[in-house]
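Protein chains: 2
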Amino acid sequence: MKCRRCGHKASINMRQHKLALCKDHYLEWILSQTERIIGKYKMFTHQDQIVVAVSGGKDSLALWDVLSRLDYNVEGLYIGLGINGGISYSTKSRSYCEEFANLQKSKLNIVEINKELDNTIPELSKQSSRGRGKPCSVCGLTKRHIMNRFAIDKGYDVLVTGHNLDDEVATLFNNTLNWSTGYLQRQSPVLESTHPGLIRKAKPFCRFYERETAAYALLRGIQYIYDECPYAVGAKSIYNKALLNRLEVDRPGAKLSFYLAFLKAKEEGFFTQKGESNINLLNTCPSCGGPTTVIGECAFCRMVTKVNQGNK
Amino acid sequence: MKCRRCGHKASINMRQHKLALCKDHYLEWILSQTERIIGKYKMFTHQDQIVVAVSGGKDSLALWDVLSRLDYNVEGLYIGLGINGGISYSTKSRSYCEEFANLQKSKLNIVEINKELDNTIPELSKQSSRGRGKPCSVCGLTKRHIMNRFAIDKGYDVLVTGHNLDDEVATLFNNTLNWSTGYLQRQSPVLESTHPGLIRKAKPFCRFYERETAAYALLRGIQYIYDECPYAVGAKSIYNKALLNRLEVDRPGAKLSFYLAFLKAKEEGFFTQKGESNINLLNTCPSCGGPTTVIGECAFCRMVTKVNQGNK
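Residue numbers (our numbering), protein chains in the order written: chain W, 132 to 443; chain Y, 132 to 443.
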């Protein structure tokens, strides 16, 4: 197969786009597509101060790389979760982020959960009633809280994450199976700030398949952590991804069209703004000052309060 | 496993309801559940004249049986599609309906498409541009038109169909993958008449799994056609059903909760009434007098007109 642009040997073939490209034209294509998506969804501009949350995985490091090459003002944020102490998942993932930042001469901000909260994620999870023993719920809640607070405190304009199309579609699929109306209303390539304590969020890779971000990282020679988080084994999101992968094999482009049709329906006003999770009606948490959908402490502060009470 | 009601040997175990029942209590359960669903969704009453569309398959014959035993005023309607002439799919399916009607001493109305339209479904399909050679689209359009017209002309109050949970969920899944907003707005256990030429429709079996209606038919000794329609091979609905069956195996109750959560979201007003397929804004077809979402001839009349023009 030959590159559509130059006729040299193609490195990747994207069936859903009917597009095969060589290494150089693929890297160029990812850049121009990312720029297009940033513009299409009005995510941010070259004047904005951007922080990208990096996990050490291919998506977030590739995103940092792309945004740097597109000359955006971007820094990294790594959150140390304390997963598997020692030479562990968290230690390895942090060192991939540090190596990348050094090579790029970019600034990496680091927040270590156990310094912030006197607890690692597995410890917090053991002491919390959330998630029935699985740390994923506690981890998600904590990361969202820390990322938001860090970005607000440091005065960034926007927080970006490396969610790819496969991530977005797995989330959409789960929210649709449950008809979680609040989550369906909120799922979007860009989430506006609707509260002074809520950072604007954007997902510039939301329309790239996972294999496309992986191919980018590989062709750019980016070193990243291959392993899944050890706690992710058996997670519903991984089950849903496997099911959706089968669907994609049988109907190439199915994921992309599912996601785009969802965004179109939403844009055309198909969903009402009813329901408990209306992001336009946020309250302020009396403990942390952050945004919350409830009246009183936010879910993160309630979890921490409960864990601390249990330890007295 | 023992029957929850009487302790005798169970004939069926319904994991999603955590309920095992013997033959007698299962048949009783299907009756009482159907009555409950008819009441819950305000489908029809004992004063209504009901016509049930029967295909010769297990669902529609079981539904006719259940409604008769619940003392509703119900007659059958069989539509002969002319599929595989001779001792064929249509001939066999018709004879199952006739046998059932004779045994039950119930009235079966028969409409043969080739007498109404001078064409069988496969012939119509060959001459039509709909469905790209597959007759399923032409068949669905024609059946819906004939059922509706028959029920309106004969003055019935409601048309009921044997759609089971697996059917409804496969349709819902497809409409969700495509975010077909018009279809999502309309999919419902009961469709009110919003036009004088549109019959009220109801699906009393919409909350029974296919295996539950099959078990009912089997335990009641109802003779029905086992074969799928020969044209259904490779249909998207069958692909979707297989995918959803895998999901159900891994997460028992997943289909039911997907469907119920959808109905709840809808009832709570999650979907707006925007979009092209607003059933509350129906027009009248100048050719047949039936309802249509467009201005001008309805889709059925347009198809017939085109086929007739092609034959001149």
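Possibly wrong hints are sitting among the right ones.
For identical chains, the list gives no copy identity; a pair is met inside one copy or between any two copies.
[Claimed, not checked] The list that follows gives simulated cross-link-like pairs (lysine to any residue, SDA-like), each with its CA atoms no further than 25 Å apart: (1) K265 - P383; (2) K133 - C360; (3) K133 - S226; (4) K265 - V380; (5) K372 - S388.
No wet-lab data here; the hints were simulated from the structure.
Quick caveat, the model's predicted, so the values are computed rather than measured.
Hint by hint, here is what the structure shows:
1. Taking the closest pair of Cα atoms, K265 and P383 come within 25 Å of each other only across two copies (21 Å); inside a single copy the shortest separation is 34 Å, beyond that limit.
2. Within a single copy, K133 and C360 get their C-alpha atoms no closer than 37 Å, and across copies no closer than 44 Å, so neither meets the 25 Å cut-off.
3. When the C-alpha separation of K133 and S226 is checked against a cutoff of 25 Å, the pair qualifies neither within a copy, at 37 Å, nor between copies, at 59 Å.
4. When the C-alpha separation of K265 and V380 is checked against a cutoff of 25 Å, the pair qualifies only between copies, where the shortest distance is 23 Å, while the shortest distance within a copy is 31 Å.
5. Taking the shortest alpha-carbon separations for K372 and S388, both the intra-copy value of 16 Å and the inter-copy value of 20 Å come in at or below 25 Å.
Of the numbered hints stated above, those contradicted by the structure are hints 2, 3, listed in ascending order.
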